[in-house]
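Asker: Just so you know, the protein sequences line up as chains L and U, in that order.
Start counting the first sequence at 1; every next residue gets the next number (our numbering).
Start counting the second sequence at 1; every next residue gets the next number (our numbering).
Hints were generated in silico from the structure; no laboratory data involved.
Keep in mind that this is a model prediction, so the values were computed, not measured.
Certain hints may be false.
Per the computed footprint, the stretches of chain L lying under chain U, defined by three or more beta-carbons under 8 Å from a beta-carbon of chain U, are [said to hold, decoys possible]:
{"hint": "1", "region": "671-678"}
{"hint": "2", "region": "681-687"}
{"hint": "3", "region": "698-711"}
Covered stretches of chain U (chain L as the covering partner; in silico rule of three or more C-beta atoms under 8 Å from a C-beta of chain L) [claimed, not checked]:
{"hint": "4", "region": "14-20"}
{"hint": "5", "region": "95-108"}
{"hint": "6", "region": "118-131"}
Heads up, the beta-carbon is just placed ideally off N, CA and C, and yes, glycines get one too.
One letter stands for each residue in the lines below.
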Amino acid sequence: MTHVQKNHRSWWTLYKKHVEKVVLKNDPDHPAKVLYWRNAVFGSILTYLTPLSLIALIPSTIMAFRNGVAIIGFADLLTFFTIVFITVIPGIKVELRKFIFIFILYCLSLLLLYYLPLPGPGLLFALSVTIFSSLIYSSAAAYYSAWINTITCFCFALLLYSGAHAPVAAAYNLGAWIAVSSNLILLSFACAKCLDLLLSGLNASLKENTLAEKKLEKANRLYYFISQINQSIVHLQDESKLFHESCQIAFSIGKFKMAWIGKFDEAHKKIELLHQQGIPTASIPLFSAYYEKNGPQDYVLRSGTQYVCNDVENDLELQSWKPFATANHIRSCIILPIKKEGVIIGSFNIYSSEINFFDEVEIALLKEATGDISFALDIFEKEKRHKLAEQLIIENENRFRTLIEKSTDVKTLSDINGNYIYGSPSVTKFLGYTKEEFLNQSAFNLFHPDDLPNFKENRTRILELAGKSFPFQYRVLHKNGSWVWCEGTLTNMLHEPGIHAFVSNFRDITERKDAESTLSLTSQNLQNALDDLQKTMDASLDIICSIDEEGKFINISKASYTILGYHPHELIGKKYIDMVWEEDLENTNQVSLEIKAGNPVTFFENRYKHKNGNIVHMLWSSYWDNDSKLIYSTGKDVTERKKSETEKEKMSNDLMQRSQDLEQFSYMVSHNLRAPVANIIGFAELMKLEDSGPELMLESMKGMSMAANKLDEFIRDLNKILDIRTIVSENKEPVYFHLLVEDILLSIDHLIIKEHVTIRTDFKSIDNILSVRSYLYSIFYNLILNSIKFHKPGISPLIEITSTLTPGGIKLIFKDNGIGIDLTVHKETLFGLYKRFHQHVEGKGMGLFMTKTQVERLGGKISISSEVNKGTEFTIEFECNPL
Amino acid sequence: MKKINEFIIIDDDATANLLCGIIIKHILGRDTKIKTFVLADHAVNYLKEIPRDAGWNTVVFLDINMPVTTGWDALKLLDKLDEDLKKQLTIFMFSSSIDPNDKLRAMANPLVFDFIEKPLTIDTVERIFVH
Numbered sequence: 001m002t003h004v005q006k007n008h009r010s011w012w013t014l015y016k017k018h019v020e021k022v023v024l025k026n027d028p029d030h031p032a033k034v035l036y037w038r039n040a041v042f043g044s045i046l047t048y049l050t051p052l053s054l055i056a057l058i059p060s061t062i063m064a065f066r067n068g069v070a071i072i073g074f075a076d077l078l079t080f081f082t083i084v085f086i087t088v089i090p091g092i093k094v095e096l097r098k099f100i101f102i103f104i105l106y107c108l109s110l111l112l113l114y115y116l117p118l119p120g121p122g123l124l125f126a127l128s129v130t131i132f133s134s135l136i137y138s139s140a141a142a143y144y145s146a147w148i149n150t151i152t153c154f155c156f157a158l159l160l161y162s163g164a165h166a167p168v169a170a171a172y173n174l175g176a177w178i179a180v181s182s183n184l185i186l187l188s189f190a191c192a193k194c195l196d197l198l199l200s201g202l203n204a205s206l207k208e209n210t211l212a213e214k215k216l217e218k219a220n221r222l223y224y225f226i227s228q229i230n231q232s233i234v235h236l237q238d239e240s241k242l243f244h245e246s247c248q249i250a251f252s253i254g255k256f257k258m259a260w261i262g263k264f265d266e267a268h269k270k271i272e273l274l275h276q277q278g279i280p281t282a283s284i285p286l287f288s289a290y291y292e293k294n295g296p297q298d299y300v301l302r303s304g305t306q307y308v309c310n311d312v313e314n315d316l317e318l319q320s321w322k323p324f325a326t327a328n329h330i331r332s333c334i335i336l337p338i339k340k341e342g343v344i345i346g347s348f349n350i351y352s353s354e355i356n357f358f359d360e361v362e363i364a365l366l367k368e369a370t371g372d373i374s375f376a377l378d379i380f381e382k383e384k385r386h387k388l389a390e391q392l393i394i395e396n397e398n399r400f401r402t403l404i405e406k407s408t409d410v411k412t413l414s415d416i417n418g419n420y421i422y423g424s425p426s427v428t429k430f431l432g433y434t435k436e437e438f439l440n441q442s443a444f445n446l447f448h449p450d451d452l453p454n455f456k457e458n459r460t461r462i463l464e465l466a467g468k469s470f471p472f473q474y475r476v477l478h479k480n481g482s483w484v485w486c487e488g489t490l491t492n493m494l495h496e497p498g499i500h501a502f503v504s505n506f507r508d509i510t511e512r513k514d515a516e517s518t519l520s521l522t523s524q525n526l527q528n529a530l531d532d533l534q535k536t537m538d539a540s541l542d543i544i545c546s547i548d549e550e551g552k553f554i555n556i557s558k559a560s561y562t563i564l565g566y567h568p569h570e571l572i573g574k575k576y577i578d579m580v581w582e583e584d585l586e587n588t589n590q591v592s593l594e595i596k597a598g599n600p601v602t603f604f605e606n607r608y609k610h611k612n613g614n615i616v617h618m619l620w621s622s623y624w625d626n627d628s629k630l631i632y633s634t635g636k637d638v639t640e641r642k643k644s645e646t647e648k649e650k651m652s653n654d655l656m657q658r659s660q661d662l663e664q665f666s667y668m669v670s671h672n673l674r675a676p677v678a679n680i681i682g683f684a685e686l687m688k689l690e691d692s693g694p695e696l697m698l699e700s701m702k703g704m705s706m707a708a709n710k711l712d713e714f715i716r717d718l719n720k721i722l723d724i725r726t727i728v729s730e731n732k733e734p735v736y737f738h739l740l741v742e743d744i745l746l747s748i749d750h751l752i753i754k755e756h757v758t759i760r761t762d763f764k765s766i767d768n769i770l771s772v773r774s775y776l777y778s779i780f781y782n783l784i785l786n787s788i789k790f791h792k793p794g795i796s797p798l799i800e801i802t803s804t805l806t807p808g809g810i811k812l813i814f815k816d817n818g819i820g821i822d823l824t825v826h827k828e829t830l831f832g833l834y835k836r837f838h839q840h841v842e843g844k845g846m847g848l849f850m851t852k853t854q855v856e857r858l859g860g861k862i863s864i865s866s867e868v869n870k871g872t873e874f875t876i877e878f879e880c881n882p883l
Numbered sequence: 001m002k003k004i005n006e007f008i009i010i011d012d013d014a015t016a017n018l019l020c021g022i023i024i025k026h027i028l029g030r031d032t033k034i035k036t037f038v039l040a041d042h043a044v045n046y047l048k049e050i051p052r053d054a055g056w057n058t059v060v061f062l063d064i065n066m067p068v069t070t071g072w073d074a075l076k077l078l079d080k081l082d083e084d085l086k087k088q089l090t091i092f093m094f095s096s097s098i099d100p101n102d103k104l105r106a107m108a109n110p111l112v113f114d115f116i117e118k119p120l121t122i123d124t125v126e127r128i129f130v131h
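Construct the complete structure from the given sequences, taking the supplied hints into account.
Answerer: Encoded structure:
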């Protein structure tokens with residue numbers, strides 16, 4: 001039985017499933033929509049109608065054929081099979097099925113009305129169409145169907161009225177029809193209306209249901225969002241990570257379009273993007289920007305509350321931001337302040353793609369979430385500070401401990417009865433007791449009997465004075481029985497919370513005490529030794545001194561008077577640098593730095609100013625003593641030695657000059673003396689020839705004579721040179737430059753006229769010199785003649801002679817407008833003997849050589865400056881005093 | 001020795017020039033072509049104009065100790081002449097100097113054929129130009 005029933009049910013289930021599949025196939029509608037339910041109803045109607053319609057079909061078909069209305073029988077069968085067809089055949093759209101269903105029912109209704117003498121079945125079908133329309137189409141369709149029924153009834157009324165021969169006319173007269181059909185119309189409209197009311201109620205409740213579901217989902221999402229954020233807060237301990245997570249959660253769990261956290265920089269009116277999710281990469285830079293005054297960010301910052309915009313597109317305040325919002329489908333936004341310890345530090349920005357997204361509930365939830373973030377920030381901050389404080393405490397404690405334990409001082413705590421309750425580790429070092437041994441001791445047992453009364457007295461004195469202390473120097477008993485001199489203080493800290501003891505701090509001064517006693521013995525010896533030392537110092541010919549860091553004399557020996565002209569008492573406290581010769585200042589300072597850097601200096605030479613203004617050359621040896629912070633120096637007066645050195649140098653220079661002169665002389669001899677000799681030898685050879693005729697003989701004689709003359713001339717020159725090279729023996733006399741020039745001009749009068757020479761002299765500054773007249777004459781003569789000789793062709797020579805006084809003597813300048821000389825080429829050999837530089841002028845090349853030699857004999861110097869085709873200027877400087 | 005076309009003597013010492021002329025003409029004949037220059041620059045200018053002919057040979061006696069342009073300066077000027085022309089010249093440094101440094105310096109110069117110590121003697125001329 002059960003089995004059969006099950007079988008039957010499975011058949012029915014299969015059928016139902018099949019109908020559902022073919023009728024409602026591809027149904028895209030959501031159950032929340034009314035249409036879904038209409039289609040479902042349609043499916044159910046078809047499912048049940050097919051088997052149930054058999055109940056009406058079989059009797060009505062039999063009756064139709066038996067009563068001779070075969071058409072009705074056929075119509076019944078057609079309707080049935082059509083319904084079966086649209087119930088089981090797949091591949092037809094649900095709308096078409098509905099249409100076929102309603103259409104076939106109408107057709108059946110019309111046929112029944114027309115062919116049956118009874119109006120019942122036809123009208124019933126018409127009414128059922130109205131009901132079905134309402135169920136499977138819409139309320140409006142039910143009304144249409146009611147109207148169609150009305151029109152059908154009216155048509156039949158017209159048919160009856162016209163008296164046509166129709167089956168229906170046989171059963172009704174017009175009055176009866178109107179009576180029957182008006183009932184149908186009434187029922188049709190009543191059904192349409194009732195069903196309309198019924199179904200619209202259903203519709204409304206469905207809609208409400210959907211909205212509620214949506215809201216619930218949204219609320220769930222937000223709750224989830226908050227719970228996620230809270231979870232992050234619990235397991236994150238870092239601000240940055242929290243921000244990142246919050247954005248991440250808003251984006252992925254809150255399903256927001258974008259979420260970002262920005263940090264305010266109020267000073268610059270800027271907001272800086274810290275973390276974000278959902279912002280297109282290209283747009284990220286836009287989010288770190290200056291925020292507008294009175295803009296949303298500014299509003300949040302100033303008001304401390306959230307900013308909400310539920311319709312971005314139509315918000316006038318957000319004009320500037322709108323293009324971005326539109327491009328990224330942002331419809332509403334909320335900006336919430338993030339606070340750290342009550343101060344707004346940033347904002348949490350959340351964007352949604354839905355319009356009107358942020359209602360009161362959402363705002364409240366998001367505020368809560370942001371509040372939680374702010375709360376977390378506070379906690380982070382507190383944590384950080386807490387850690388810092390902890391660190392500080394640990395550090396301080398370590399420092400303090402190190403200070404006490406590593407200290408060479410002994411620190412002890414003793415209670416009101418004098419028993420030790422603490423002793424720093426140095427106790428063992430200084431007094432020999434282990435910690436345990438020491439803590440069993442009483443202060444009264446440890447001090448020397450002679451010191452005890454004083455200790456007791458002082459201790460009693462400060463007993464009632466919190467914080468008071470007294471200094472002491474007592475002997476304390478060492479474990480080995482000896483007495484240790486200790487110096488320190490005892491402070492009353494009995495009232496100090498956490499201490500409640502006398503605190504003593506002292507150190508071992510035994511060594512000092514011993515030293516003190518020996519010191520008094522030796523000080524007299526020391527004084528004697530010091531006096532001896534001072535005497536020794538003062539006996540020295542050299543300066544012996546000590547100088548402090550600033551360069552002031554601390555002590556100086558008496559030699560300062562003989563060397564520098566100052567007594568020691570004049571110098572002590574004065575700076576040595578003030579006496580150093582100006583030119584040596586830099587050098588001396590540098591050396592002093594070196595000495596202070598720890599490098600001893602020996603044989604350092606510099607110059608000092610004697611009290612009388614003279615230069616004193618000093619030779620120093622110094623070193624820096626880092627203990628006394630003093631420079632110890634000895635200084636020797638080397639002025640005399642310096643002088644003789646300078647003289648020696650001068651002498652050796654002179655010797656060098658002489659030797660160079662000699663070399664030049666020998667060169668000259670080898671060339672100029674040998675040339676005529678060689679010629680004489682040559683001609684003599686010729687004359688010796690056996691075959692030399694009278695002609696050759698004559699020529700040889702002539703040549704030999706020429707050579708002999710040349711030789712003679714050269715020997716005369718040589719004599720002249722050697723003459724001036726001998727030491728000036730002639731007496732010096734006052735020589736007047738203007739007279740000298742006059743004499744020379746007179747002697748070369750013809751030349752002056754011939755060459756149109758102009759000579760300008762300026763001896764206003766100095767006109768005379770104490771010198772050897774003949775030499776000076778020769779110098780002037782040679783230079784003037786030189787200028788005339790080397791004048792520019794076609795231009796009259798102009799010679800300017802000037803004398804000036806210089807600090808060291810007299811300077812003479814000879815300037816001409818001649819052809820000049822290329823000094824770059826001839827500088828070296830210019831004043832050499834037999835050197836000539838111009839081809840068109842006669843000369844032996846002796847003039848400048850002689851001039852130079854003479855100038856030098858007179859103790860002067862000659863120099864030249866010249867430019868080709870411009871002129872030449874000779875400068876002669878004599879080191880002598882004018883008359 | 002190649003055939004000698006002419007002798008150029010560059011020396012500011014007129015007496016020495018006279019002696020040279022006499023000796024050369026005495027050995028090589030009266031018709032020997034000899035030109036003397038007191039200034040080296042003039043001599044160099046003259047040498048630039050000698051006939052260009054590989055067979056042409058000019059012997060130059062160049063004194064070292066001369067004013068303005070010395071023998072050494074003259075050598076530098078001669079060195080600037082084109083190579084072909086230089087091949088036509090046989091240069092003798094010619095000096096009264098007995099300083100060995102002068103001789104060494106002269107021999108070190110590739111342009112210089114030999115160094116002759118003054119006075120020029122018949123033996124020297126015969127040794128160089130006849131044998």
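Asker: Evaluate each hint against the coordinates.
Answerer: Results of checking the hints against the structure:
1. 671-678: holds (count 7)
2. 681-687: Held - the region 681-687 of chain L has 5 residues with a Cβ nearer than 8 Å to chain U, which meets the minimum of three.
3. 698-711: holds (count 7)
4. 14-20: holds (count 5)
5. 95-108: Contact hint for the region 95-108 of chain U vs chain L: holds, 5 residues under 8 Å.
6. 118-131: holds (count 5)
In summary, the structure agrees with every hint in the numbered list given earlier.
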